[in-house]
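Peer 1: Here is how the chains run, residue by residue.
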Amino acid sequence: MRVRSGAVAAAVGVIAAVTAPAVAPGVAGAETEETAESPTVLRVAVTQNIDSLNPFIAIFASSTELMRLMYEFVTLPSAEDQSPVGGLAESWETSEDNLTWTFTMRDDVQWSDGEPVTAEDVAFTYNLMLEDEAARTANGNFVSAFESVVAEDETTLVVTTATPQATMLALDIPIVPEHIWSEVDDIASFTNDTMPVVGSGPFILTEYRAEQFIRMEANPDYFRGPAEIDELQFLFYRNADAAVQALRTGEVDLVNRLTPAQVDALRDVEGIAVNEAQGRRFYELATNPGAATRDGTPIGDGHPALEDVRVRQAINQAIDRDVLVDRVLGGYGEPGAGYIPPVFQDYHWTPSEEQRWDFDLDAANELLDEAGYPMGDDGVRVDGDDRPLSFRLYGRSDRAFDTQAGEFVRNWLGEIGIEVDLQIMAGTRLNELTGEGVYDLAFSGWGVNPDPDYVLGIQTCGQRPGEDGTGGTTDAFFCDEEFDDLYAAQLAEFDPEARRALVADMQELFYEQSSSMTLFYENALEAYRSDRFEGFQLQPDPGGVIREQNGYWGYYGAQPADGAAGGGGGVDTGVILAGIAVVVLLGGGAAVLIARRRRATADDRE
Amino acid sequence: MVSDVLAPSESLGDAPDSEGRSGGGSGLARYVASKVAGAATSLLLVILLGFFLFRVLPGDPVQTMTRGRAVSAEQIAELRERFGLDLPLWQQFIDYLFGVLRGDLGVSYFYSRPVSDLIAERFWPTVLLAGSATILAVLLGIWLGTRSAWRHGSRFDRTATGVALTLWSVPTFWLGLIVLMVFAVGVGPIPGMFPTGGITSPDTPPGVIPYVLDVAHHLVLPCITMVAVIFAQYQMVMRSSLLEEMGADYLTTARAKGLRDELVRRRHAVPNAMLPTVTLIFLHLGLVVSGAIMVETVFSWPGLGLLTYQALDVPDLPLLQGTFIVLAGAVVAMNLVADLLYRFLDPRVRAS
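Protein chains in written order, with the working numbering: chain W, 243 to 848; chain X, 409 to 760.
Next up, chain X with everything else stripped away, as it sits in the complex (with noise of 0.2 Å):
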């Protein structure tokens, strides 16, 4: 789900090139301008392709959602005039993008409902689960890597290495379905202490509290099944951007002076190898979105990769092209974050 994380790395080869041209007072606003520019040019173009995409998907959408109902050739074509679908495609496109600029993404075929309000409904589970599980594998990465890195060849480092990167190549699916019958169903000594699905039980008293507890209850094996799969990457880049750092002369000086192994480590190291990592985890933020479509279906978590995966289903062309939209925004976004990220945190970036 996530295999293409490590590539969007490459496109950082763009932000110290732009660089070059800009200096003086303004650099900045122009930096940022043409970044931002940059940006609404990506957001047009996912427009127009998440349009044109998903009206090439096979199959009648009226058809399929009428097939095995008693309906007439005329309730077939009232439907397909109510949604539009009658409509020369060039108009559909137009009346599409003028939904979209004023914020209407259209109307759902499946819900029958508007685009926006299903996914504002379903965004913050999304960001609840994605969120902590990366603020987790963040955590975990960084301290798995920084260890390996240190000891490189050690047990530890194979030992770690070897399962993250099992965990890494595992399909999402079996893990997430694994992880559930051990934790929630139970297999031979541990118990089941966890829901099999869902976000909140029915049965939870009303209050604050008690409704925080049990999303958080829910909120376990998703989050535990999303952050095996999504630690690696972090840990790996961790990992050989600090062996990198290892051979640089101010830690041997560093050393010389006769500071303790793990200072050297904790205050000169790791901060210097940190750059990265954090551009890493910002450009993967935008993904992670996406990433959890298979977390969500196993855990019947009502997120956004749950509605994307039902209205492909469908297919629900409104709801899909509105996803495609929030999914892809927040992958240019987060770029852009990174971008700008990036020259705030590097100084090499900075000076041109």
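Next comes chain W alone, as it looks inside the complex (with noise of 0.2 Å):
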């Protein structure tokens, strides 16, 4: 029976260890308050895993935004615009006919290690792009149009392009190290986790432990001044709900990606601020206007009616914008029309007045009428072989605006005589079912870069899948000699001005075919503490995010908060007293149970 007791002393010790962590950041906090040198470490929650170290290869917004951090750009899109401003480059200028970029470089930069940053490392970055399949996976699209990349001397680089290429200054390309990276013999597999990564961005990668947490220090070299904080780390959550939790308790300090209902219960939480972002999002209801291939032959099984612009401009006015913004999104959005999202004022389109359609439901049904498409007895329209205009709803179930606005969706389309079948499924399944056609009406929703040049072509004719029906980028199937004429026209046009009225022109196009219609640009959702950090430098300035930045500017502007509390943060005294009281109570349980224990088993040898 010793051993029996002795057991649950462990257990005791094992339980008292385990709630001592908790009192320890809390004493540790008080003790830091007093230091003024202890680091200042700003936690972020992340919710999106890491795919990959190796810039060339990973793809999910958390890496890319990781490798933004660790490496820098020839240029990158300002904090305030998003306007190109110099990274690695300090000027660059183009031939007359837009072909060849010489670009000088800085010589002040530092890699990490303390080597200098030369012309011949970017030389050697987009070569790598050139010459490995592999290496083009996260950017490939960037080089697609370059010819020849030489480094002519340290300072000066000249890229040539086979066709002019307005994303010259908009290259999302971080440059690595060519003594570092000429030894990796396999980009593919090359894991790039020997700690610390030598960068040259304003944060060095220290320490990586998959799925647990990232750490980050400030780069003392870095050339614009080493950031405000000393470190910077990535805390894992897989749930949400759980990394809002965190942010209240005080374990992170940045949260982002939050849904209407989160920032909600966070507004009024003391040392919570919310940061209401314009997004860079927009979320859109898709049609098949008759879905083919690259040559043209039909595939998949979409409603003919819906190859009728009519039909699709008046599926177009029986959406009420204000109302999915109010209800789907809690407020936190504004209604869309044109394709690229406000955030972006160079390229935002909005139509005039004339052009506007408004939630006009009699109007819908009028042009409904005129185009030929009568009213059944049973409510339903049909078209010209009796075809009731009955159209299938694809929705994504990992994303609760599908299922929200999908309701509303079918009521106003049920006022205009179309019965709509909404169908809620996992997002691959959706992908491969609008991939194929076989769809009539899907929600669909892209982020928009700087450029939009990207997000423009997914709209070409030449993005729809090969004669096997795959391998296309389209959206949804969209195809129209006038918008591909004005793409083609955009990507070769290098007059700022004149670039805006094409793309301009593009989204006009767009709304007035109805294809895709953009319903809502959601905002981007973040909270931070305010009581432990500020000065987070937006993107763009004002009403810009502060992560998945397009850059760096974000952690590289915050600072402690005055009178911020220490690094434990969150754990005060009143839980070092409960967390004690937990410890006694547990220890007064056990000595019951051992004492009953004792007494049993002296009963036992009577």
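One or more of the hints may lead you astray.
To be verified - Pairwise CB distance ranges (calculated):
no., chain 1, residue 1, chain 2, residue 2, range
1, W, ARG466, X, LEU547, 39 to 49 Å
2, W, PRO358, X, LEU457, 50 to 60 Å
3, W, GLY573, X, PHE506, 55 to 65 Å
4, W, GLY777, X, PRO614, 28 to 38 Å
5, X, ARG463, W, ASP804, 54 to 64 Å
6, X, ALA485, W, ALA642, 30 to 40 Å
FYI, nobody ran anything at the bench for these hints, they're computed from the structure. Positions of the beta carbon are idealized from the N, C-alpha and C atoms, including for glycine.
Please dock the two separately framed chains into a single complex, following the hints provided.
Peer 2: The following block contains the structure:
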């Protein structure tokens, strides 16, 4: 019986020890408040995984966010308005025909191991992508028109392209050190996890534990000057609600990708501030305007009535975007019309009064009457072949918007004699079905880059699938020659004003065609511990985001708030006392148990 | 998550049956050999099933991974080729089968790393969580089950059974969130005492003891959640098998000898009632690993469950197949152990 009571005592010891760390940070926090030199650590909750630390392969938003902190770019979008500013490059000029770009590099930038950063490193990075398939995985589209990249001397880089490329100042490619990466045999399997990882960005990656945390230290030799905070930690949360709770307890200082409900719950919490940023995403209702492959062969089984532009326009008029923003987004967003979100002021387009279709069920009904879709006895319209206007509407189960918006859309379309069969499914299933053209209506959405080229490109005819029905990156089989012409023109247009006008024309045409209808632009919702940090640089400023920027400005600007609590944060004296109380209670309980055991064994012996 | 846990006990019926044919000195060897051969066959079927099962999952992994990204059709073709998705299905399977036999589970699409490395990394956190939760659940279940049966119909019995069945039927995810809200964030007078997720914190001072304490501190909430959900089955099995024993003659005899009630229970009734519980424990050990998926997701515990959950998201076929083989393999292995143990524990199985 000795053994047994010994075990109980040991258990008590373990419990006491386990609860002890809860107490310890509070104590440590109290101490650090007095010592001014303790490092300032900004802790960020990450809910998305890191797919790779290799900048050529990593494609997830969370990973690219890390890459932006670890590596500098040649040029990058400014914090204020996303216009290109110099990174490694000090200045640049183009030839008359816009095919040759000459960048002059700064001569005062160092790799974190002390080697200088030169034009050779940039040339090496770009050439690696031209030569190695695997190195094109993440950012290959940026170099697809490159013909040659040459470092003429330490500070001069010359890039020639086969066709004029308007995105040359928005190359989202992290520049890697040649003296490290030239030793890599196989880019595809290189994990890039030798700590500290040599880079030239504002933060140096010093520790990575998969699915646990990432530690980055401020680069003391960063050419713009070291960041105000000493350390940046990313903590992994697989459950977004748990991440929000961690913000409340002070375990993390910054959380993003919040839902409207989460923001509402955090809004009144003391010491927490909410950032309602204009988002860079749009949310759309895509139709099947006649799915076809690149050579025009019809595929899938979309409803033929949707090939009629008037049917699509009627649907467009039958959707009340204000209600969607209000009820689905909880007010955290803006009703949509143009294709590019308003956060990109230069390219955002809004229809004029005459062009604009406001929510008008009568007008939509009239339009369908005129177009020759008479209302059937059951309140559902039929087309020329007596086929009822009954559409499948697909949504994703992992996006709550789809279920909610889907119900509204079903009701509105019901009012104009269109029957909607709402089906919510896994995202992968939805992608598969829409990719094959097996749908009528579907919810979709895209994140837009500062340069609109890519997101406009997915609406061109050439992005439809090949003859075998695969390999397309089209959004919803939109194909319009005029749109394609405008697309080609904007890509080759180097005058910003003229390019803006072309992009506006494309959006007007797209709106008119109503192949896909932009419903709203959701805000990017973030929250942070305002009692500990301030000065996050937004992008764009004002109205922009702290996290997942096209750059590193958000973290780089962060600084400790006035009168901020020390490193521990969150755990206060009450918790310490409670912790002690729990230990005492458990210990007392165990003592009673031991005593009872003793008595019981004594009885047995009788 | 573990609703099918009680079912496998039926398979125990096989053990005595196959025993009937064996006899003599080589009986044990033949018994073991037949069980091992059965397990090996099951594993082969698992590999076969795993491969084709995940091929019918909707979604082209390459399309899913690159969706919302600026990729050209050429890049997509390159990715397909790199992952071997351009080969005919039968060839993909042959490649895969020989790979598995060599211990090579392929390369994860998502992480661009060998699947076996990823699984090895996540294996121990799951064993730690599932193992400690099982030990606690078994102890709690046996203790509560014994008391309930001995005083069946009492208020203690009714309360304990009610609580156990309620927790058993509560959704794990929901229970986990409640536990998290109450003990990590704190509600009313209860302060937040434990971390909201993860297995370690970045700020723990170096050294073995701080590390162990840090992990233990993170372990508390997921472990409590898991125990709460799974202890009911041990309690119920222990309760019912002890109830069966209680009518037995030998207990009357023991009592007639004048032994105290508690002694009769501890020394005579409980050991005999333990047999079904012990086999259940081993059968369940294989399943408990996959049962950790929900708990790991709520508490961001970096184990196999979380790995599987993420692999489903992509879908990351090699990783899914790999975790499927490991999880199913654990069930097969533990079934084998239970079969062998059953023969060892129950004299009736040996006597033929």
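Peer 1: Give a verdict on every hint.
Peer 2: Hints, verified against the model:
1. W/ARG466 - X/LEU547: 39 to 49 Å: Violated, since W/ARG466 and X/LEU547 (Cβ atoms, about 59 Å apart) do not stay within the stated range.
2. W/PRO358 - X/LEU457: 50 to 60 Å: For W/PRO358 and X/LEU457 the Cβ distance comes to about 57 Å; the hint holds.
3. W/GLY573 - X/PHE506: 55 to 65 Å: 58 Å, holds
4. W/GLY777 - X/PRO614: 28 to 38 Å: 32 Å, holds
5. X/ARG463 - W/ASP804: 54 to 64 Å: 59 Å, holds
6. X/ALA485 - W/ALA642: 30 to 40 Å: Since X/ALA485 and W/ALA642 have Cβ atoms about 35 Å apart, the given range 30 to 40 Å holds.
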